[in-house]
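Student: Guided by the hints, dock chain B onto chain A, whose structure is given.
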Amino acid sequence: MLFGIVLLYPLAGLFVPVGQWHWDASTTASAVWVSLGFTAVAMAIVVVLGTPMALYVARISTHERMWWQAILLISVLLPPLALGILLSLAFGPHALGSFLDLFGLKMTNTPLAFIVTQIYVSIGYYVLAAIAALDSVPKGLETQGALLGHSPWSVFWRITFPMARLGFAVALSLAWVRALTEFGAVVITAYYPAGMPVAIWTSLQNFGLPAVMPLLLIFLVTALPFPWLAHLLAQRRELRT
Amino acid sequence: MNCALDANVAKVRKDFTVEAAFQVAGGTACGLFGVSGAGKSTILSCIAGTEQPDRGYVRLGELTLFPPAFPVYLRPIGYLTQDPYLFPHLNVAQNICFGIAEHNGAADKTWINELRDRLQLDSIWRAPSYAISGGQARRVALARMLARKPNLVLLDEPFTGLDRHLVRELLDALGHWHKTLGFTMLLVDHESEVLERLCPQTIAIEAGRIVQQAAWSELRANPATPLLAQLLAPL
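If you're matching them up, the sequences are chains A and B in order. With this note's numbering, the residue at position 36 of the first sequence is 36, and numbering never jumps. With this note's numbering, the residue at position 152 of the second sequence is 1152, and numbering never jumps.
Pulled out of the complex, with its shape left as it was, chain A reads as follows (with noise of 0.2 Å):
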């Protein structure tokens, strides 16, 4: 009990007093439309560009499956400003960001740069727990569906997927908790167009706690909801199986 309050302590921040709340609707709004629409974006193209990744991963041999893990996991424990930085230098004018020029894509301050370091900084984490939630599917269960006259794409949609959805649910809400509050490696590049995080600290650089509180307040409330129920359904089917 103890352990539960010193842990949810942090939330009583939100009743300090520091002021009347400073609502700014226009800054509020635009930081967070940039923040859920290109997370959505970004989401959607994890998902497209994760879940192949994850099913081939958890059917190779164990020898190449280690190198294909070791790589995910360079690019979960990348520090975010590192990785910011990092991306700057990689699609800059030195780099890739020349040839990016050709077609007219600008890869700093734009919602394409915004995009491409929300899919960098989340890929990783749908992949590894989607992985997890794949090899929570008894390989013998898809055998059986196959000898049951089922191609493996059936086979995918009718035991697989069904069996590990709140696995993939739970992928999904931990790339979308890791993207949508990415501040680090954001911040360096796209800055602009401001996200939440963004915002938020260039809200409390400038005007002070009393502006931050509502932005505060709504990053919370799009940002935990969805993880925080993924995690619970899953926990209880759990349970209950």
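These aren't lab readings, by the way, just hints derived from the structure by calculation. Quick reminder that beta carbons are idealized off the backbone N, C-alpha and C, glycines included. Among the clues, some could well be false.
[Said to hold, decoys possible] Derived pair list, reagent style EDC-like, types lysine to aspartate or glutamate, alpha-carbon separation capped at 16 Å:
no.	chain 1	residue 1	chain 2	residue 2
1	A	139	B	1083
2	A	139	B	1051
3	B	1014	B	1051
[Claimed, not checked] Heads up, incomplete: computed chain B residues facing chain A, CB under 7 Å, no partners named:
no.	residue
4	1069
5	1073
6	1079
7	1082
8	1098
Tutor: Frame of chain A, contents of chain B only:
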């Protein structure tokens, strides 16, 4: 439906190489008998396609299953093991109908009803598959395998760990459908009593090799090896 099985499979394992060549006439039942670890299950897996032989061939009637490897999901084979492998996210009825193409649903209704009634699955028909007993799960697995009316039925010690009453019941049901549906059957067990109920012919396996292929009377009268004699001796 009358599919003869013609198998000649070799599979290298860590302990020895399984090498077996045999035929089972269409519509008949044959047993694979031997101690645990003799290679019986490997032979069945190679026929079902869940393992690939290193060399040899497998034919079922006109169909060549290996080589090249014919996709597992297209093989007209039913394969039942000790583990019923029921799909936990589906109920009993959904498990049983899992292998039946949806457009065949109406045509197969009578057949599914027969399976349900004969295997006494009525009371658990809509129950979640994870909530039924081990004995009930074996009945469901048998019904699910037979629902597709396979041409070849492979049974890998499917009655292990069940009480004698239930084993007798399942053997009777299986024997009945073997006669009425006419599928070819290959049954693995280390209990001669179980094999004898269904299979007039048996192939004895030791360390991956066939040591004798004969009717039960011949096998008991003249076992080819001391180990086989021990296996057939009363306790």
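Student: Are the hints correct? Go through all of them and say.
Tutor: So, going through the hints one by one against the coordinates:
As the CA atoms of residue 139 (chain A) and residue 1083 (chain B) are separated by approximately 12 Å, the hinted pair is consistent with the 16 Å bound. Simply put, residue 139 (chain A) and residue 1051 (chain B) have alpha-carbon atoms about 13 Å apart, close enough for the 16 Å limit, and the pair holds. For the hint pairing residue 1014 (chain B) with residue 1051 (chain B), the CA-to-CA distance comes to about 15 Å; that is within 16 Å, so the pair holds. The criterion of a C-beta within 7 Å of any C-beta in chain A is not met by residue 1069 (chain B), whose closest approach is roughly 12 Å, and the hint is violated.
The closest approach between the C-beta of residue 1073 (chain B) and any C-beta of chain A is roughly 5 Å, which is under the 7 Å cut-off, so the hint is satisfied. Checking residue 1079 (chain B) against chain A by beta carbon gives a least distance of about 5 Å; that is within 7 Å, so the hint holds. Here the hint on residue 1082 (chain B) is broken, as its CB sits about 11 Å from the closest CB of chain A, past 7 Å. Checking residue 1098 (chain B) against chain A by beta carbon gives a least distance of about 5 Å; that is within 7 Å, so the hint holds.
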